[in-house]
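Asks: Okay, so the sequence shown: first residue is 4 according to the working numbering, each after it adds one.
Honestly, I wouldn't trust all of these hints.
[Unchecked claim] Restraint ranges, calculated between C-beta atoms of paired labels, are given here:
{"no.": "1", "residue 1": "D224", "residue 2": "A76", "range": "29 to 37 Å"}
{"no.": "2", "residue 1": "M241", "residue 2": "R41", "range": "36 to 44 Å"}
{"no.": "3", "residue 1": "H235", "residue 2": "K209", "range": "39 to 47 Å"}
{"no.": "4", "residue 1": "E212", "residue 2": "T63", "range": "28 to 36 Å"}
{"no.": "5", "residue 1": "E212", "residue 2": "T66", "range": "39 to 47 Å"}
{"no.": "6", "residue 1": "D99", "residue 2": "T63", "range": "22 to 30 Å"}
{"no.": "7", "residue 1": "A255", "residue 2": "T66", "range": "41 to 49 Å"}
{"no.": "8", "residue 1": "V97", "residue 2": "E48", "range": "26 to 34 Å"}
{"no.": "9", "residue 1": "A255", "residue 2": "D103", "range": "31 to 39 Å"}
Simulated from the structure, these hints should not be mistaken for lab results. We put the CB at the ideal spot given by N, CA and C, even for glycine.
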Amino acid sequence: MTDTAIRRVLVTGASSGIGAATVRRLIADGMHVIASARRADRLNELAAETGCEAWPLDVTDDTAVAGLVDHLAATGGLDAVVNNAGGALGLDMVEDADLDGWRQMYELNVLGTLRVTKAVLPLLRTSGETGGTGDIVIVTSTAAHGAYEGGAGYTGVKHAERMLATTLRWEIVGEPVRVLEVAPGNVATEEFSLVRFDGDADRAAKVYEGYQPLLAEDIADVISYGITRPAHMNMDLMIVRPRAQAHNTKIARGTAAAVAV
Numbered sequence: 004m005t006d007t008a009i010r011r012v013l014v015t016g017a018s019s020g021i022g023a024a025t026v027r028r029l030i031a032d033g034m035h036v037i038a039s040a041r042r043a044d045r046l047n048e049l050a051a052e053t054g055c056e057a058w059p060l061d062v063t064d065d066t067a068v069a070g071l072v073d074h075l076a077a078t079g080g081l082d083a084v085v086n087n088a089g090g091a092l093g094l095d096m097v098e099d100a101d102l103d104g105w106r107q108m109y110e111l112n113v114l115g116t117l118r119v120t121k122a123v124l125p126l127l128r129t130s131g132e133t134g135g136t137g138d139i140v141i142v143t144s145t146a147a148h149g150a151y152e153g154g155a156g157y158t159g160v161k162h163a164e165r166m167l168a169t170t171l172r173w174e175i176v177g178e179p180v181r182v183l184e185v186a187p188g189n190v191a192t193e194e195f196s197l198v199r200f201d202g203d204a205d206r207a208a209k210v211y212e213g214y215q216p217l218l219a220e221d222i223a224d225v226i227s228y229g230i231t232r233p234a235h236m237n238m239d240l241m242i243v244r245p246r247a248q249a250h251n252t253k254i255a256r257g258t259a260a261a262v263a264v
């Protein structure tokens, strides 16, 4: 395993769900974690709980991302980034697509990941060149690996994130920087489906009825595993689904209809 005692890791989208669970796990692993998200109050609570460094950030804001990178460069650099900020909006058929919603998903999931990755790549290179390994983790989704009705907006942006990760890995091969994609299936978090269905709690809850979905901690475990592998080893892609889920809309549950995530 790599030496995790002094590793500095940036986690985006850290105010809830997979992001917050990843912060908790990496802190437990002995790393210094910079937790970023838009909601400063949530980050402050997480910092008080875990000892992480809280840094409010909107990944769609060039100036804000540049400010974070300046801070990182001045306070010890960076060894890894977990690009987790993202989300889904709606479950509309293509002919009924909400253009503003699609645009918002692209800005957050794709351009946000691109903006942060571009900005921190020089710091990760420095980490690798000084004896460590720079790690870029991109949290996509099983939506990046298959289609389903009503999901074109979300599957589209997650496919784009997947191609970002794959292409970058090809472009920097030979450098001391790894690119890791983690693609979760259905993960029961407090907000993902609630946001997707515009606060409709009943509809959100139905996504996870009748089977055991993944937990945010399961994905945090996979992320920790990936960035603690020996420096010569790269976990290109890890697709993680509940045992009951064979595909985006193929879920073994009682008589409830499958709902894609």
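Asks: Next step is simple, just say for each hint if it's right about the structure.
Replies: Cross-check of the supplied hints:
| no. | hint | result |
| --- | --- | --- |
| 1 | D224 - A76: 29 to 37 Å | holds (30 Å) |
| 2 | M241 - R41: 36 to 44 Å | violated (27 Å) |
| 3 | H235 - K209: 39 to 47 Å | holds (45 Å) |
| 4 | E212 - T63: 28 to 36 Å | holds (33 Å) |
| 5 | E212 - T66: 39 to 47 Å | holds (43 Å) |
| 6 | D99 - T63: 22 to 30 Å | holds (25 Å) |
| 7 | A255 - T66: 41 to 49 Å | holds (47 Å) |
| 8 | V97 - E48: 26 to 34 Å | violated (40 Å) |
| 9 | A255 - D103: 31 to 39 Å | holds (36 Å) |
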